[in-house]
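Novice: On the provided structure of chain W, position chain D as indicated by the hints.
Spelled out from the first residue to the last, the chains are:
2 protein chains.
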Amino acid sequence: MKVTVLVRPKVGILDPQGEAVEGSLRRLGFPVVGARVGRVVDLELDTADPVEAREQVQRMCAELLANPLIESVEIEIPDAGGSQA
Amino acid sequence: MKVTVLVRPKVGILDPQGEAVEGSLRRLGFPVVGARVGRVVDLELDTADPVEAREQVQRMCAELLANPLIESVEIEIPDAGGSQA
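Here the protein sequences come in this chain order: W and D. End of the first sequence sits at 1279 in the working numbering; the numbers just go up one at a time, nothing left out. End of the second sequence sits at 1279 in the working numbering; the numbers just go up one at a time, nothing left out.
For reference, chain W alone in the conformation it holds in the complex:
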């Protein structure tokens, strides 16, 4: 089963990469008001159960994929909708 995890810097957390992207886009003439950069992690899991998959991915996020102090996580599982964590 394929699962997509979006890891973003939380609101209020400094995001130098986003600031660089915003500045560069403005210099190129694009009317950008803000830009934030995070990571997308596409996982192929050895399970077909969406409930089990979500549980596993939540543990992966806690143990490796994200820093809960400064990052928010969104887990997208097919046939199960997305969720904010």
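Take these hints with a grain of salt, some might be off.
No copy labels: a pair is met if it fits in one copy or bridges any two.
Cut-off 20 angstroms, straight-line C-alpha distance, at most; resulting in silico cross-link-like pairs (EDC-like, lysine to aspartate or glutamate) [to be verified]:
#, residue 1, residue 2
1, Lys1196, Glu1270
2, Lys1196, Glu1268
3, Lys1204, Glu1257
4, Lys1204, Glu1238
5, Lys1196, Glu1213
6, Lys1204, Glu1265
7, Lys1196, Asp1273
8, Lys1204, Asp1273
9, Lys1204, Glu1246
10, Lys1204, Asp1243
11, Lys1196, Glu1238
12, Lys1196, Glu1249
These aren't lab readings, by the way, just hints derived from the structure by calculation.
Specialist: Same frame as chain W, now just chain D:
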């Protein structure tokens, strides 16, 4: 208007970050078959027209946000659905 851009390494393109994540998750005991890591860019644009927004973001991707040789881009615009490019 908020727009989300997902930039991923194309199929077949080496992804050392994804390999590192996959290896680390396996060592932690997770039954992961594959992992690929890309970027998520959240943009706030100075336009309310979804068609204009998509056009602008496609140019941003071509000029700055992605390398079309090795990366694929998915643009998510509210009220307009997603698109692969």
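Novice: Give me the numbers of the hints this structure contradicts, sorted from smallest to largest.
Specialist: 8, 9 and 10
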